[in-house]
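Number of protein chains: 2
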Amino acid sequence: MKRTISRVAKELNVNVETIRFYERKSLIEQPPKPKDGYRHYPDETVDRIHFIKRAQELGFTLDEVSRLLSLEDSPCSEVQELAENKLEAVQAKMKDLRRLENALKALLAQCNENENQAHCPIINSLQPK
Amino acid sequence: MKRTISRVAKELNVNVETIRFYERKSLIEQPPKPKDGYRHYPDETVDRIHFIKRAQELGFTLDEVSRLLSLEDSPCSEVQELAENKLEAVQAKMKDLRRLENALKALLAQCNENENQAHCPIINSLQPK
DNA sequence: ATAAACTCCGTACCAAGGTACGGAGTCAAG
DNA sequence: CTTGACTCCGTACCTTGGTACGGAGTTTAT
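Residue numbers (the numbering used here), protein chains in the order written: chain C, 3 to 131; chain S, 3 to 131.
Accuracy of the hints is not assured; some may be wrong.
Any copy, or any two copies together, can satisfy a pair, since identical chains are not distinguished.
Taking lysine-lysine pairs in the DSS-like style, the calculated list, with each CA pair at most 25 angstroms apart, reads [stated by the list, open to error]:
no.	residue 1	residue 2
1	97	107
2	107	55
3	12	97
4	95	37
5	95	107
6	35	97
7	37	4
8	95	55
9	107	27
In short, the hints are calculated from the structure, not lab data. If you're wondering where the values come from, they're calculated on a predicted model, not measured in any experiment.
Using the sequences and the hints given, assemble the complete structure.
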């Protein structure tokens, strides 16, 4: 029995709508519509969606996944470059979050030392002097 | 001379449209429109936008900023709770990014050890076996 | 007094990654 | 053979934090 779109969805634990969305984005190819009946999806499409999902778990956007898919048979170096850029972006984001973490921790520490529970040092720090 | 919206924008280095956007979101109050002429913006509004911008720098969303603004004269504990939640969210996000960082580093290491430059181990790891 | 610059207001649009809806066609089970 | 489930397709909607546009009114500079 042929694989309809909802079978694919079930196999991969994604929504039918998501698959159609990937089709619209040209991340996967829409199988031809048979004279009568429903479209059926080959193994390649299932594999491709799998690929997309794994790449997303690595933090790649769909646009980047699209590039990765186009590099499937390309030399390592091009893929490597994408991965390096992503790594840098991840590290930059972490740096920013560390800044937030430190700022929040400092403010919370001020709260704990605060005698005057009626007025919060966090609010104070946000108000222009 | 009264402060028009573009004066506020210039003072705070934000767009006029952003100020209007905050008005629509009820983060700031729109000053009444005089019988003739333009609205003019009091110091309080400028201070409030300043507050918004600083809170955003701490990672708070506009919805959260809205809550913070409503807590301006509330006991420390409520503000503290918001900040603690934010800190937790920041730390959770960092944890996720560290996972990405490690995964990407591991893949890039495989690339560097890779003899067969024609096929990339990153692509390999994304493809279903 | 007229043109340039600014305000006001409603509405539409942007990214990203989907989700939801509605109507028509199709398929499978009882 | 009918009912319920599924597909197909286009389109609209969601979130977040704004940005852009267009026309009418107003103010300022020359």
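Subject >> Alpha-carbon proximity between residue 97 and residue 107, which holds within one copy, between copies, both or neither at 25 angstroms >> reply: Cα proximity of residue 97 and residue 107: in one copy and across copies (15 angstroms, 17 angstroms).
Original post:
Is it within a copy, between copies, both, or neither that the alpha carbon of residue 107 lies no farther than 25 angstroms from that of residue 27?
Top reply: For residue 107 and residue 27, neither the intra-copy (42 angstroms) nor the inter-copy (29 angstroms) Cα distance is at most 25 angstroms.
**OP:** With 25 angstroms as the alpha-carbon cut-off, assign the pair residue 37 and residue 4 to within, between, both or neither.
**Re:** within (15 angstroms within a copy, 72 angstroms between copies)
**OP:** Can you give me the call for residue 12 and residue 97, within, between, both or neither, at a CA distance of at most 25 angstroms?
**Re:** neither (38 angstroms within a copy, 30 angstroms between copies)
**OP:** Give the relationship of residue 95 and residue 55 under a CA distance limit of 25 angstroms: within one copy only, between copies only, both, or neither.
**Re:** both (22 angstroms within a copy, 19 angstroms between copies)
Subject >> Status of residue 97 relative to residue 35 across identical chains (alpha carbons, at most 25 angstroms) >> reply: Answer is neither: 49 angstroms inside a copy and 45 angstroms across each miss the 25 angstroms cutoff.
Original post:
Between copies, within a copy, both or neither: which fits residue 107 and residue 55 at Cα up to 25 angstroms?
Top reply: Between. Shortest inter-copy distance 19 angstroms satisfies the 25 angstroms Cα cut-off; intra-copy 35 angstroms does not.
**OP:** Have a look at residue 95 and residue 37 and pick one of within, between, both or neither, based on CA distance no larger than 25 angstroms.
**Re:** Close neither inside one copy (50 angstroms) nor across copies (49 angstroms); limit 25 angstroms.
**OP:** Could you figure out if residue 95 and residue 107 sit no more than 25 angstroms apart (CA to CA) within one copy, between two copies, both or neither?
**Re:** both (18 angstroms within a copy, 16 angstroms between copies)
Checked against the numbered hints given earlier, the structure breaks hints 3, 4, 6, 9 and satisfies all the rest.
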